[in-house]
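Peer 1: Spelled out, the chains give:
Number of protein chains: 4
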Amino acid sequence: MTPHVHESRIRVRYGDTDQMGFAHHAEYLLWFESARTDLLRELGFRYKDLEKRGILLTVIESHCRHWAPAHYDELIRVRAWSEEIRRLKVRIAYEIVDDASGKRLATGHSVLGSIDREGRPNPLPEDVIAVLSKGLRKPS
Amino acid sequence: MTPHVHESRIRVRYGDTDQMGFAHHAEYLLWFESARTDLLRELGFRYKDLEKRGILLTVIESHCRHWAPAHYDELIRVRAWSEEIRRLKVRIAYEIVDDASGKRLATGHSVLGSIDREGRPNPLPEDVIAVLSKGLRKPS
Amino acid sequence: MTPHVHESRIRVRYGDTDQMGFAHHAEYLLWFESARTDLLRELGFRYKDLEKRGILLTVIESHCRHWAPAHYDELIRVRAWSEEIRRLKVRIAYEIVDDASGKRLATGHSVLGSIDREGRPNPLPEDVIAVLSKGLRKPS
Amino acid sequence: MTPHVHESRIRVRYGDTDQMGFAHHAEYLLWFESARTDLLRELGFRYKDLEKRGILLTVIESHCRHWAPAHYDELIRVRAWSEEIRRLKVRIAYEIVDDASGKRLATGHSVLGSIDREGRPNPLPEDVIAVLSKGLRKPS
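Protein chains in written order, with the numbering used here: chain A, 21 to 160; chain B, 21 to 160; chain C, 21 to 160; chain D, 21 to 160.
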């Protein structure tokens, strides 16, 4: 693991499971989102401050591949890193592993578009691009 | 059932269940919310138009009593009616029954406070009170 | 639209939105799931009956591309069709459009793996493959 | 704060908010649930081990009173303690405060019924009652 990969630890909640006994697949997108918020904070800014400046990052694509199920009460680690930074979109990648065993549970990515409050494309300012680029790692 | 009680039909989704095999209890508050939106529409206005006028109804209390579990793929009926209308708060009550058997699954209520965009108390206008009062039924 | 495409109508709930004012992207996977359940029912079997036979379809991949946001109280139509049927996995595709305007809001797909209660690969029985294949449409 | 009150720290996620800009009220029940799981762990057993013994605690009542909104990215503390322990039901109370200011955001409680896998009443074993009673605090 290289230093520009952020890692969040999350515990699977009872309500995250479904009757199959696994964490429901939609929950993974919320875990990705948490890790993304934490990654940005670690890189030096808070997403909520970005919104105050009128810059909104909206999810325009999300993908998740499940390798093994996560279960209630398990601790997981969600890794997030930026794969691509452009003026109008950012691509963040994720990997989820079981905290105890290190076993890979899921991988995925999301593409976020930069928009203004009216939903129009809104180029990211230089300072944000510079900060995000610190965490950049090319897709393997 | 008296005419001022609105009824919404909802199908339990897979993701609404938890590993116990029942619909998760937090989901009921979203079902109440759907029925509340539908009740207001039936009474003659859309909640989203209220928000456009700067009137926000925020949940300040919610209660749910579960009598029997709801399961995946079952159709349920969510009944909603207003129990109390004041200038600064509104109390809506709910009953959920299984669509096929009519069996009572849950009862509950929520109290909504009328606020403005800054979160301050914001008395409901007369026209809204008049419309909401059409659906009024005292708690038994 | 060809007849083997199922369509579910869903109303966006208040709780489905986030502070950006759009339906949250994770919610789309639950909409896909609802449409998938409805598609199977339309094709002639209920997913819950499949589970009773010990055949579980677990999501092993999900993807969603957002073209335009969905908002609170809007009616949407979620189209679902099977794209690929194999003994151990099934691929279902989706398209979400705004009910009023017909505008495309999202497209996506999910891959489901057939497993048994212990999580082991579990080939789909012939009758299920036959039924699912009725709705088959190749990816364009 | 007395020692038998457990406290969990949780960060509000983006997806937990709604278009009012507050954390959605249904999310509080999931926060209560997380704190409940953590309380049991702290008292000496894991709820998932209880389920393995065939003892399920299902929510039969939940209540939440909101005093002030929680916002995206805020850290909150969720306090949980047992208020009443009987053979067939347990009552847990909660208080949520803002981590930074200590401001009270919500209070609530839930009543859990002890059932078996078939949903029948299932008296709690003595060892579980003994453990839960360690954290007992009468409602004020």
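To be clear, the hints were calculated from the coordinates, so they are not data collected in a lab.
Any given hint might turn out to be false.
Copies of the same chain look alike in the list, so a pair counts if it works inside one copy or between any two.
[Stated by the list, open to error] Heads up, simulated DSS-like pairs for lysine-lysine below, C-alpha to C-alpha not over 27 angstroms straight-line:
| no. | residue 1 | residue 2 |
| --- | --- | --- |
| 1 | K123 | K109 |
| 2 | K68 | K123 |
| 3 | K72 | K123 |
Peer 1: Determine for every hint whether it applies to the structure shown.
Peer 2: The hints, checked one at a time:
1. Only between protomers do K123 and K109 lie at most 27 angstroms apart by alpha-carbon distance; the minimum there is 23 angstroms, versus 31 angstroms within a single protomer.
2. In this assembly of identical chains, K68 and K123 lie within 27 angstroms of each other by CA distance solely across copies; the values are 21 angstroms between and 32 angstroms within a copy.
3. Proximity of K72 and K123 under a CA criterion of 27 angstroms is satisfied inter-copy only: 23 angstroms between copies versus 38 angstroms inside one chain copy.
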